[in-house]
Amino acid sequence: MKAIEDFTLIGKTVLRREDSYLMRGKAQFLDDLPEPKGLIHLAFVLSPYACADILSVDASAAKALPGVIDVLTGKDLVGDIKTFAPVIEIEGYRDVRRPVVAVDRVNFVGEYVAVILAESPYVAQDALDLVEVDYDPLPAVAGIEEAEAAGAPVIHSHLGDNHIFRAAFETEDFDARFAEGDLVLEEEFRNGKTAGGMIEPRGCMAWPDPVATNFTLWTPTQIPHIVRTAIADHLDIPESVLRVVAPAVGGGFGTKAHVFPDELIVVALARRYGRAVKWVQDRRESLLTNMHARGHILHIKVSVKQDGTLCGVYLNLKTNCGAYPNHPYSPTLEATGCARMLPGPYRFQTYRYDVSSLITNTCPTGAKRGTGQPSAFLAIEGMMDRIGRRLGIDPAEVRRRNTVRPEEFPYVNVVGVRYDTGSYLPSLERGLEMIGYDAFRAAQPKDRLVNGKYRGIGICNYTEVSGTGAPGWRVRGFAKMPGFDSSRVVVEPDGKITVYVSQADAGQGHYTTFAQIAADRLGVACEDVTVVEGDTSKTPYGTGTFASRGSVVGGGTVIRCSEKVGVKIRRIAGYMLDADPERLVLKDGRVADPEDAGRSLSLREVAETAYSMNNLGLPQGEEHGLEATDYYDPPMVTMANGTHVVQVAVDPEDGRVEIERYAVVHDCGRVINPRIVEGQVHGATVQGIGEALMEEIVYDADGQHLNANLLDYLMPTAMDVPELELDHIETPSIDTVGGIKGAAEGGLTGAVPAIANAVGDALSGLGVNITRVPLRPSSVFEQIRRACTEKEGRA
Amino acid sequence: MSAKKVTVRMKVNGKEYVREVEPRYLLADFLRHELQLTGTHIGCEHGVCGACTVLINGKTGRSCLQFAAALDGAEITTVEGIAGDGPLHPVQEAFHDAHALQCGYCTPGFLMTTIEFLQSNPNPDRGQIRQALTNNMCRCTGYLNIVDAVEDAAKRMREGACGA
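As you go down the protein sequences, you meet chains U and C in turn. Here numbering that gives the first Met the number 0 is used: the first residue of the first sequence is 0, the next is one more, and so on. Here numbering that gives the first Met the number 0 is used: the first residue of the second sequence is 0, the next is one more, and so on.
Don't take every hint at face value.
[As the list claims (entries may be wrong)] Partial selection, computed: residues in chain U whose CB lies under 7 Å from chain C:
id : residue
1  : 24
2  : 196
3  : 246
4  : 250
5  : 282
6  : 681
7  : 708
8  : 792
Please keep in mind that the hints were generated in silico from the structure rather than gathered at the bench. Every residue, glycine too, gets a C-beta built ideally from N, C-alpha and C.
Kindly generate the complete structure, drawing on both the sequences and the hints.
Now the structure itself:
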């Protein structure tokens with residue numbers, strides 16, 4: 000085997016093979032696929048109420064419309080599809096099941112009330128207006144505090160209250176150790192609900208074979224195998240009769256890493272009607288009904304010594320589950336995720352958390368890039384700044400004093416997570432250096448006012464959970480989350496390579512990077528490798544592409560699998576060359592014997608022997624074929640890390656936050672393709688800028704969703720993005736195959752706290768306390784105004 | 000509600016088409032489902048995201064906000080018409096080299112916007128490029144590589160024009 004240092008293609012920028020067909024308009028996204036004959040188009044009647052009893056559904060006018068095939072209510076589907084719920088096995092979690100179409104109660108605006116089946120999408124839309132639903136509206140609760148208030152309406156009566164999940168953790172002698180600090184600081188942080196916001200809305204299409212015993216579901220998902228398992232479970236069909244295909248996926252960001260009711264419905268209806276069934280959502284539906292994320296309240300208390308070091312941390316976290324738990328993670332994903340990720344790069348060993356998730360009359364929440372991490376670091380990084388301000392220590396210095404030191408790796412954090420390697424302090428120092436931190440601080444006036452604007456600097460020093468393996472999912476209660484991913488590497492009879500991977504690309508460039516990896520390990524050109532993924536009928540089982548696991552687990556399995564097949568290539572070539580297989584080298588598409596310089600075989604010649612296409616035969620005991628399969632279950636988690644340092648100017652006239660400088664230092668271990676990593680960092684950071692300054696899904700007190708369109712749900716445009724100064728540090732993991740760590744989420748995790756801290760620093764002279772994102776101009780302006788009024792009042 | 004169909008003639012990517020469609024049929028649907036030109040994507044159906052941008056008589060327009068019937072006789076260019084199966088257009092080359100696309104769903108719209116923009120402004124600065132790109136939303140790239148790509152495309156096209 001080649002050593003890590005021998006990598007030839009891993010670590011190189013190879014331009015993406017995906018680009019050509021995407022830029023020529025030839026990609027096949029869900030709605031671009033050729034439509035089967037006799038296709039039924041679906042549209043869903045959505046609940047206009049956050050909470051209401053459904054008294055009756057009159058679909059007679061809709062059914063009478065030419066082109067309408069049928070209209071079905073929740074009751075009509077009860078026999079076809081079991082109530083929908085994730086399988087969560089952890090103390091404190093209470094089961095809540097969801098009818099895929101509401102039966103007699105709706106619990107959020109946008110919940111499916113009826114499904115229209117029509118011959119064309121236009122007719123299906125027409126029919127929507129003709130379905131008359133008689134609702135009896137009930138009091139709704141949209142927010143966490145309303146949901147847990149005494150006397151709040153109980154949304155799922157079997158729970159008795161609105162808690163779906165509670166968990167707690169406490170290190171030994173917590174109270175005594177927490178009390179060892181010289182002072183205690185506390186704060187409450189909040190973030191708004193946000194959306195993944197991928198530009199391709201969701202949709203899906205199911206096709207039954209002519210006798211309707213086998214089904215193919217095309218769905219733009221990040222988790223095709225998990226979708227297949229869930230559908231088979233809920234429809235009571237064997238997994239073997241269902242094939243799930245992720246076509247080109249127009250952005251996922253975690254939103255498409257769930258199983259959705261509509262995916263169950265299209266397969267069930269294809270089975271019922273024996274016809275192909277398709278549904279594509281519009282943007283309003285996308286923002287009303289796809290998973291939301293965040294919406295957390297974090298109450299944090301830190302106990303600190305005079306020198307700024309942490310003695311202990313207490314976190315009370317409340318998350319808004321929405322009306323139903325998401326599948327497959329449930330709200331425990333963000334709740335325990337956030338609490339367990341909060342220690343970040345810091346050394347404290349005294350920690351207690353209490354987390355709870357509350358059912359509300361809003362869209363379910365679930366995975367989105369970063370999951371609990373942007374919240375966790377908003378809190379812990381916010382406290383680093385507060386400690387500094389309170390004790391008169393520079394906030395960068397407070398971080399230095401608390402950060403895991405280089406000599407302490409491998410380090411086990413307070414919740415038992417192993418940090419095998421990392422560049423926590425070097426990354427912080429590099430970020431500070433890039434932004435010219437010391438000079439900025441030296442020149443910064445106490446009131447932060449420079450040329451009419453308040454200027455400040457914010458830091459986020461983060462860790463990024465990536466490549467979670469089975470133990471990492473089990474500890475959080477996810478019973479049906481495999482953790483591993485898999486691959487099958489085939490040397491075809493002509494010597495070219497096909498790599499089948501259990502993942503599903505949504506823009507990450509897998510078709511290029513996995514080809515790079517296999518080509519590197521097998522000593523062939525990238526062009527000689529074809530990558531196939533996103534199809535349960537072609538790839539072995541696996542977990543999928545989310546939570547920064549593609550490169551770690553997908554990349555890891557392709558490395559392992561390529562090396563496995565490499566062993567067989569050498570055995571057969573050794574037999575053909577009469578040489579010790581161990582010493583043979585795979586290079587330039589050939590298998591060469593370095594001790595016999597003239598002798599080598601092309602991969603094709605070896606493959607021809609393996610596939611019995613010549614008279615050479617095989618060594619004794621060798622099977623035909625030239626392929627291997629690999630299942631790679633990585634460690635519990637692998638921690639990437641990085642630092643964001645942001646300089647902002649806040650205009651007191653209108654509350655607008657302008658990002659003047661933005662430095663990112665990023666360490667995702669072994670880099671496969673630097674250009675693609677850079678793209679991930681850019682994209683995630685800009686999503687973080689959105690969460691920090693612009694994006695928020697707004698519900699009113701009655702649970703009405705007020706901004707389900709892209710004019711009112713503000714995502715960053717090219718005008719909202721600063722130039723990013725990027726630097727990479729490469730500290731390979733010692734626990735993962737190839738030393739790879741994940742790269743997709745840190746940008747978002749770093750951005751939100753760094754920007755919040757920068758605004759907090761800029762306005763610290765005014766006494767404004769920044770505790771909530773997004774920091775939209777209206778809220779910043781209001782906080783400045785209030786602070787100024789208070790100041791005048793005191794004067 | 001469905002109504003009597005009307006005849007629409009359109010020249011799309013240089014080819015003449017005649018189709019019978021409902022008056023309310025959107026240009027985007029016409030291109031995608033009548034002509035099978037599925038490179039034009041629909042992202043919001045309310046004219047904000049720009050994924051559906053095409054050239055209508057040489058000017059960018061949102062195909063999700065226009066009725067096909069109202070464009071009888073129009074000349075349309077979609078992403079399929081930029082380079083066909085031939086060598087990539089300099090704008091496409093620049094996007095490829097700059098890693099200016101990830102999932103690629105929004106990319107056709109960005110390409111159309113860029114082509115029109117560089118025709119009117121062959122030597123833009125980054126501020127002007129950013130402003131022109133607010134026509135379109137991308138959720139994957141964070142825009143910076145797209146700005147780089149447009150800058151580079153402008154350079155390639157200027158050099159190409161000089162060389163010609």
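A quick look at each hint next to the structure:
no.: 1; hint: 24; in the structure: holds, 2 Å
no.: 2; hint: 196; in the structure: holds, 5 Å
no.: 3; hint: 246; in the structure: violated, 11 Å
no.: 4; hint: 250; in the structure: holds, 5 Å
no.: 5; hint: 282; in the structure: holds, 4 Å
no.: 6; hint: 681; in the structure: holds, 4 Å
no.: 7; hint: 708; in the structure: holds, 6 Å
no.: 8; hint: 792; in the structure: violated, 42 Å
The earlier numbered hints that this structure contradicts are 3, 8.
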